[in-house]
Amino acid sequence: MPINVTLDIALAKRKVRAKDLAAQVGISETQMSLLRTGKVKGLRFDTLSKICLILDCQPVDIIEYLPDPADLTCDET
Amino acid sequence: MTQKILSLRLIGGATRLTAGILILAYVAQLSVALMQLPYETDRLWHNASLISAHVVTVLPAGFYLMALVSAGEIFTRMEKYGAFTASIVKGLTGIGENLMWGAVTAVVLAPTLVPVLEGRFRGIRWDIQIESVTIGLIGLLLWLITRQGQSLKTEVDGFV
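Chains as they are written, first to last, in the working numbering: chain A, 1 to 77; chain B, 1 to 160.
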């Protein structure tokens with residue numbers, strides 16, 4: 001599943017610390033760390049909305065999709 | 001939300017109160033029964049065997065009451081920590097395990113241990129009572145459902 005999390009870039013551009021963002025979004029630092037490293041199974045819309053609002057950005061600034069034909073046959077649950 | 005918390009608190013409190021009353025009744029019943037056993041003077045081993053045999057026969061009810069206590073604790077935990085947390089999984093597992101132990105005690109342990117305590121061991125014995133087996137199966141299924149719930153929670157926790 002080639003979803004690449006580019007949150008670190010968005011944070012660096014806006015000079016916002018991950019710790020502060022986690023506090024504002026209302027998630028733990030551990031969850032934020034997992035999100036930044038792409039080690040999560042999914043991102044809730046409300047979390048995404050909060051991050052976009054706080055960083056004044058769009059979802060595309062946080063996550064990107066790298067096309068992979070194997071995704072059509074992928075049946076991971 | 002307040003109404004939900006109130007109802008959880010109410011259910012938890014009522015369950016624990018009921019469990020407390022039933023435990024007191026259980027202890028009182030056990031005490032009365034122990035006092036009425038045919039004890040013999042200067043026969044310590046005989047008397048100890050009588051007590052042990054009686055306690056073993058009423059042990060399943062103790063396990064079922066512990067299951068009820070676990071159920072009451074679940075509602076308290078739900079109120080404190082939210083709808084589905086690790087502690088609730090633990091509580092549900094506790095209910096399942098207590099029901100299973102109660103059934104195992106009623107079906108196998110008591111029929112085996114009572115003759116042993118009465119000094120006439122005849123191997124492993126069992127007394128298949130439909131109600132005990134049903135309760136045990138409910139406990140087993142609850143325990144298995146909880147295992148599934150645990151994996152579901154792990155899946156949900158993967159979402160940020």
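Because the hints were derived from the structure by calculation, they are not lab data. Please note that a few of the clues may not be correct.
[As the list claims (entries may be wrong)] In silico DSS-like cross-links for lysine-lysine, where the CA-CA straight-line distance does not exceed 27 angstroms: (1) K90(B) with K50(A); (2) K50(A) with K19(A); (3) K41(A) with K90(B).
Every value quoted in this text rests on a predicted model; they were computed, and no experiment measured them.
Comparing the hints with the structure gives:
1. K90(B) with K50(A): violated, 33 angstroms
2. K50(A) with K19(A): holds, 14 angstroms
3. K41(A) with K90(B): Holds, at about 24 angstroms.
Violated hints amount to a single one, hint 1; each of the other numbered hints is respected by the structure.
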